[in-house]
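Participant: Could you build the full structure based on these sequences and the hints that come with them?
Line by line, the protein sequences are chains L and B. Quick note: the first sequence uses our numbering, first residue 1, plus one each step. Quick note: the second sequence uses our numbering, first residue 1, plus one each step.
Keep in mind that the hints were calculated from the coordinates and are not lab data. Incorrect hints may have been included.
One copy or any two copies: either way a pair holds, since identical chains are not told apart in the list.
Quick list of in silico lysine to any residue cross-link-like pairs, SDA-like style, CA-CA up to 20 Å [claimed, not checked]:
(1) LYS268 - LEU279
(2) LYS235 - GLN206
(3) LYS109 - TYR26
(4) LYS169 - ALA158
(5) LYS88 - SER9
(6) LYS181 - ARG203
(7) LYS34 - GLU77
(8) LYS136 - PRO155
(9) LYS2 - ASN186
In this text, all values refer to a predicted model and were calculated from it rather than measured experimentally.
There are 2 protein chains.
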Amino acid sequence: MKFIDKITSRLDSINSHVCVGLDSNYERIPEILKKSKSVSQTIFDFNKNVILATHNVAIAYKINLAFYAGFGAEGLEGLRLTNHYLKKHYTDIPILADCKRSEMGESVKMLRQEIVDWLGFDCIMITPWFGFDTVKDLLHDSSLGVCIFVHDSNPTAAEFQDLELTNGKHLYEEVTEHVVKSWNTNGNIFVEAGATYPKQLRRVRQIVGNNMVILTAGVGAQGGKAEDVTGIFGKDGKRLLVNSSRGIIFAGEGKRDYFLAVKEAAEKLRKNLLGISLLRL
Amino acid sequence: MKFIDKITSRLDSINSHVCVGLDSNYERIPEILKKSKSVSQTIFDFNKNVILATHNVAIAYKINLAFYAGFGAEGLEGLRLTNHYLKKHYTDIPILADCKRSEMGESVKMLRQEIVDWLGFDCIMITPWFGFDTVKDLLHDSSLGVCIFVHDSNPTAAEFQDLELTNGKHLYEEVTEHVVKSWNTNGNIFVEAGATYPKQLRRVRQIVGNNMVILTAGVGAQGGKAEDVTGIFGKDGKRLLVNSSRGIIFAGEGKRDYFLAVKEAAEKLRKNLLGISLLRL
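Facilitator: Quick look at the structure:
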């Protein structure tokens, strides 16, 4: 199945825009789950519970690998177990590797072996700094998704991404145009743009058109407001994913029923976004 | 010890500019080394031999993690064994993590745990696309090196990096200036610029001044010529590292004595570069 069809058919079929960021930092996992278990098993058990609590509203799971690799081989094994579990029991839900990587030439094959064959992801998220070389060898197989960070959500994202070019565009606009006009030759590319820069996010939607999926981040813990995504939901209001990580997976901290709180946080974001998706500018 | 002192004192004390790219793709390791051994042990044994053959001319070892992670947990274990062996037996030689990563906020700590604590590197190589956020939490500890990719060597590096800005600069010049003027607050940053773009490499040297270490790549297998680095060696001709990966570590392919050929390839590059370092433009 084509990756893009997998993600758009899920957007079309379940009434949600929520992407759950499974950034399961071992240090923040409840102590009760750690008792006499290995790091990998603890992470895996935590993730299974989060998945159980969120799978019916999750369009996709996005995973920043650093939160696993930071705990070494055990952390990565916890990640691998999680992804293979998802692939077995939740075959409809795509898993995005938030690795912010850029390989080219011989090492692209290695990146694919790492992210897809070993760790079990469906999509690789690429930093565009080094140009087309970093994606060209990932395009032939449309079962693999490729997501490009065209404008991120972090405070200094604008430091370079918003620079003005002599051709009248901002750098992020130029990058987005390249993605749409010359990179996306096989239809398996989509883009990420942060909700903490609502003007730029809106401009990215204009450039990519209404059919391309946009993943946005920065709503929630990073300070972006849900209102910032009004009007950029795309075709039939179903071409936008809004990622939330800590705001969902650690919503149980201090609560009596941890994973019920996780479930409620995901559902609250889903409802909130559905309300906004109906608004017009 | 400060990372920058470690690398400059090695540049000052051994008569070489060679950085050995230990990109030990398991597939290209001689079959004879693989016999009845695990993947991690094979990689480790291969690397030990390469280190034995090159340590006296290696200013540093640079390792692209993808060539290890592409072989999963076993590959990364081979990398970890290699780095910890280097740290034990070759304490003077810095090890650079060519990971092309960009983390920010909470995940920077994780990146450090992965690259430094687990895998044993001395330096993290960062892609600047997301701005200062990606380096600011790596600056306080001067025993850690931070290398920024200001202009890479790959064919499409110029696609964005050479774009002209309305302030009269090219994007890579703007990035390089940021690194020098506002990022390098604790003196542990240096830069990478590809030798396949000699004009830009020369410009980067102008911007960073003669004291900063530059790592260059693309001499050898990627088509850059040693002549392209004439005149940019910096202070006392000792502030330039020239990386070669496949051209050195796989130089033994088809030869009777594999690691003798590796040794000779490293020494040949060393001699070649020393000759050029004496030339004036």
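Participant: Take the hints in turn and mark each one as holding or not.
Facilitator: Checked hints:
Taking the shortest alpha-carbon separations for LYS268 and LEU279, only the intra-copy value of 17 Å comes in at or below 20 Å, while the best inter-copy value is 67 Å. When the C-alpha separation of LYS235 and GLN206 is checked against a cutoff of 20 Å, the pair qualifies only within one copy, where the shortest distance is 12 Å, while the shortest distance between copies is 49 Å. Taking identical chains as interchangeable, the C-alpha atoms of LYS109 and TYR26 lie at most 20 Å apart only when they sit on different chains, with a minimum of 13 Å there against 30 Å within one chain. With identical chains, the CA atoms of LYS169 and ALA158 are at most 20 Å apart both within one copy (14 Å) and between copies (17 Å).
Taking the shortest Cα distances, LYS88 and SER9 sit within 20 Å of each other inside one copy (19 Å), while across copies they are farther apart (53 Å). Only within a single protomer do LYS181 and ARG203 lie at most 20 Å apart by alpha-carbon distance; the minimum there is 16 Å, versus 31 Å between protomers. Within a single copy, LYS34 and GLU77 get their C-alpha atoms as close as 16 Å, which meets the 20 Å cut-off; across copies the closest is 25 Å, which misses it. Proximity of LYS136 and PRO155 under a CA criterion of 20 Å is satisfied inter-copy only: 12 Å between copies versus 30 Å inside one chain copy.
With identical chains, the CA atoms of LYS2 and ASN186 are at most 20 Å apart within one copy only, with a shortest distance of 10 Å there and 48 Å across copies.
Checked against the numbered hints given earlier, the structure satisfies every one of them.
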